[in-house]
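K.L.:
If you read the protein sequences in the order shown, they are chains A and B. At the far end of the first sequence sits residue 341, using the numbering used here, and the numbering has no gaps. At the far end of the second sequence sits residue 302, using the numbering used here, and the numbering has no gaps.
Hints were generated in silico from the structure; no laboratory data involved. It should be emphasised that the depicted structure is a prediction, and the values quoted were computed from it without experimental measurement. Accuracy of the hints is not assured; some may be wrong.
Claimed, not checked - EDC-like mimics (lysine to aspartate or glutamate), calculated; alpha carbons at most 20 Å apart, straight line:
1. B:K213 x A:D156
2. B:K216 x A:D126
3. A:K115 x B:E201
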Amino acid sequence: MADNSIEVKGLYKIFGPHGEKYIQMVKDGISKDELNAKYGHVLGLKDINIKMPSAKIQVIMGLSGSGKSTMIRHINRLIEPTIGEVIYQGHDICKMSKSELLKFRRHKTAMVFQKFALLPHRTVIDNTLFGIELQGVSRGEAEERARHWLSRVGLDGFEDNYPNQLSGGMQQRVGLARALTNDADILLMDEAFSALDPLIRMDMQTILLELQEELHKTIVFITHDLDEALRLGDRIAILRDGEVIQQGTGQEIVLHPADAYISDFVKEVNRGRVIKVDTIMSPATTPPTLQIPTGSSLEFAAKKLTDSNETAAAITDTSGAAIGEISMKAVINAMVTPATY
Amino acid sequence: MSLKDMLPDYLAEFPKMGRADLRDFKKGIDESFRVFTRENGETIENFFYPLKMFMVWFEKLLLGTPWPLMIAVLCLLVWFGARSITMVIGTALALMLIGYLGMWDDTMRTLALVSVSTFVCIAIGIPVGILMSKSDRIQAVIVPILDIMQTIPAFVYLIPVLMLLGIGKVPGLIAVCIYAIPPVVRLTNLGIRLVDKDVLEAADAFGASPRQKMLKVQLPLALPNLFAGVNQTIMMALAMVVVASLIGAHGLGSNVLKAVNNQYLTLGMMNGLAIVAIAIVFDRVSQKFGKRLQKHSEKVHG
Chain A
1 MADNSIEVKG LYKIFGPHGE KYIQMVKDGI SKDELNAKYG HVLGLKDINI
51 KMPSAKIQVI MGLSGSGKST MIRHINRLIE PTIGEVIYQG HDICKMSKSE
101 LLKFRRHKTA MVFQKFALLP HRTVIDNTLF GIELQGVSRG EAEERARHWL
151 SRVGLDGFED NYPNQLSGGM QQRVGLARAL TNDADILLMD EAFSALDPLI
201 RMDMQTILLE LQEELHKTIV FITHDLDEAL RLGDRIAILR DGEVIQQGTG
251 QEIVLHPADA YISDFVKEVN RGRVIKVDTI MSPATTPPTL QIPTGSSLEF
301 AAKKLTDSNE TAAAITDTSG AAIGEISMKA VINAMVTPAT Y
Chain B
1 MSLKDMLPDY LAEFPKMGRA DLRDFKKGID ESFRVFTREN GETIENFFYP
51 LKMFMVWFEK LLLGTPWPLM IAVLCLLVWF GARSITMVIG TALALMLIGY
101 LGMWDDTMRT LALVSVSTFV CIAIGIPVGI LMSKSDRIQA VIVPILDIMQ
151 TIPAFVYLIP VLMLLGIGKV PGLIAVCIYA IPPVVRLTNL GIRLVDKDVL
201 EAADAFGASP RQKMLKVQLP LALPNLFAGV NQTIMMALAM VVVASLIGAH
251 GLGSNVLKAV NNQYLTLGMM NGLAIVAIAI VFDRVSQKFG KRLQKHSEKV
301 HG
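Okay, chain B solo, but in the shape it has when bound (with noise of 0.2 Å):
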């Protein structure tokens, strides 16, 4: 015998929503999310045309992109991001390998969604950062809003998404920026709001305007921790690519679904390696230049 046993039904039982009720109640909420959709898919889809325009030229001008030029654009941007020659065989090796084993134009399509989707998280996310760091109340807005985004299941936001937009890239690079986004966001706002206060204080007594503040002292103060927004949210983008192939997005992520859906080991270990190549060039390069951005603090008076 329970101790629900010896309860009343009432503190026994949670007393829940009668099952037609909550029926109706779900029923009801996703009838008018699909008049929505239906009313407004073409509009939603028509705001999003450029970016699938976007999407498209660029995965087009890397699969179009003879490899041999490819590895070289890539390696010429280590090296201007990272001036490490280390990197640059690191990098140059890595693509080889991966093209050697079958996975070139699958990289390609992974390297185009990523790097739309870090361009698209960066052009929203610092000005949202920057907004926050000036206003405490659009700060306890958005945070929850970031929280959400962070924790919510990514399977469950692809639900609308897919219901709005359908199965392709766009959907898939705004599943992939739902998830990426916050680190730039949170950095941007942490960065600025770290700025040191007497710094900011001179720059007040010799008559800074709000523009010229943010711009002159304390973007370029918050630069290094808004460059570990930008490394993270790329890796978030990386790590998102298989979710994202499950609304189709193709790439790398799509082969590594179908490996998990026929258990087939090696397919899917290759493509995870591949993955994981390119999360390790874009982190160290990024990191490596959001050091260098930092150079003014390196020499220390003894």
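One chain only, chain A, in its complex shape (with noise of 0.2 Å):
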């Protein structure tokens, strides 16, 4: 399988009519406000680096104006960065040709937007076969294409409607089916559920984190919401004015929170989802009787137990071999959120 992952390295966006001027006073550590005041420049991104692997969600969290969105549209470069790279598959983005650029963007990428952005004026199947029809693909194969993608995000039917005649959910269903029927190895994510009310919510995440079973996509995933992003993230970069304050996979910034920051934020999370069985597991020793497989979470683990009346529980690896055991004191333990950090 392809390479698919993408690496950020050194990305600074400086906006305003000079940006590039400002880069060392930046670096020099001139804060947000001050570059604002002094200078009419606005800092979008500082010093970004980030490693988003192949096949993978990577989940890019912060609240507004954290440059989150800034961040992702550099990938396809939607905004021009001020300096740094942007690396796929060994070519840097941000300096491709203008030609370079529209092939990467029609046959790489596919983004899905959180105010849908589909266009108004044509049926769902229209704006569904959008992307390929700008790549050059025949009416015919388009449209099959769009409905085998229409129909497996639930919209059989639905077809030749118009998109304001849809509920925001779907209309982001269709948002989702023309980014797949793009048939491209990333997918952008801007705050794609953001719109959508909780169920919705729920819904559409079940939807993609199905499809992406198969289809093993790169994904960069934009959202303000914690619990979004530790369900949908096998990575999570977390934003604030413009730099990454910690990065890692959803249980290490709960386990382990960079900042007073972050763990403000992390300390609502429902944690027996997050945490994993194998990191709080002590080496086995005498096999108990009930079996948790590898990976499974604390909530299933505390479940497993309490069902079964039991106090403790081997760790099985695929094999079935057990690789460690836990407490039902020590899942309990785990699961309460710290009193202070």
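Mind docking these for me? Both chains are given alone in their own frames, and the hints should help you get the complex.
P.N.:
Written out as structure tokens, the structure is:
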């Protein structure tokens, strides 16, 4: 399988007419507010270094104004960086010529937007095949492919509706189908589910996870919602004021928040769902009767333990061999949020 | 005693150019334009020759078509544009009344003039509007020109047009176009600029070339505005037919002019109302057609 990882290296973005003039000052540590007040330039991103793994979901999380939407737009260069590199398959996207960039956007990336950004004058099917129509795929083939993906996201029978006849959730399904129809290796999702109400959001997350299990795309997912980040993200990077303040797996972030800001964030998290049994297991001794597969969440383990009225369980790998064990006490200990950081 | 009397001369009276100087100044410009006309008149006339031929051909076509066929064709066009049976009947009745009152041929001439000038305005106006929408600099140049075209009294630009091309169909057509083209240019530009930024970003993200973006996203979404512009252009072209008749554009307009000169009340009213009838038909049909283009925005999710 091709390597579809993306590496962002030393990326800076300063908004304003002469952004490049202030790079050195930013490197020397001028604050965002000072740059804005004294020089009228806005610091968007500062020294971003993220390795986004191939065929995984990389979440970029941050509150509004943290630069996360700016960040994702550098991957398909909807925003020009001030300096820095975005490397994909050995090429720096930031150095591509216009025609190379067009080709890259058409064939390698697809994007889903917070406000859906469907074309209001086109029917659902014509929206879905928009991307491959731009590629020059023939109408017949394009329709066939679009129908396939519309059906995969559960929109059979809506092909000839116009977007404004659909609910928000359904519109975003069209957005997702449009991106998937492109058959690109990279899927960019800019707060794709943020505008949806909670139940529908859960629904869409489930659809995305199911699809990802067979598609194995490199997904860059932007969100301001930590629960969403933890549910979807194989890796998470947290942005604040244009800087990455922590990156790692969800579990790493919940267990070892880098600073008070992040620990504030993670204290409301349901730790039982994030932390895996592997993290807290002790070496295997006399194997208990109950077995729990590796990679299970603490919540799952707690339920198993109480259901079978046991106080300890063996953790088994895929072949069924015991690789460690956990006790009920350890599970509950880890699930409770520490009182202070 | 007024304030003026207490002031020195140079504050009381505006210091103006000497009378002789002013005369020479005007004469100089007039003379050089006359020279320009003499030298280039033929070239310019040749340039417009195809347009003249087209105009003549189209007018002959309308005048040469038997009236029942003409009414049928017009009703068919109204049907395709508006899909409304009341409007088809209204159009037929209006045309028959016009014919019965003896204004058929002049109405056809006016129809020919308005159709051709609308066509010219669209053919020039839409590309100019597109150009304007693409560059703020071009917009900054064209907007004041449009402002001048819309506010300058029509009689003023009749003079150079007349000097260059004489009396006839083409000068009339040009005068109409100068007056009628601004709305279609403005609204094409506006329509394209108003297209939702999010949708444009999506088009960019999927790798649309500038041309694809224009044809598949911007123009289709600008259509409602663009059509409002075309509608306005048609209305303004109709409003200009009387003025254009001053320099030889025959039709209902020249009858109105005759009525004004001779105080023929009924003649003026009849021809004026015939223009109104055509205007109403054009207006309703183009508006309905514009609305039908937006059928995607009709049914909204509850």
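K.L.:
Next step is simple, just say for each hint if it's right about the structure.
P.N.:
Right, here's what the structure says about each hint:
1. B:K213 x A:D156: violated (28 Å)
2. B:K216 x A:D126: holds (11 Å)
3. A:K115 x B:E201: Answer holds: A:K115 to B:E201 is near 11 Å, not above 20 Å.
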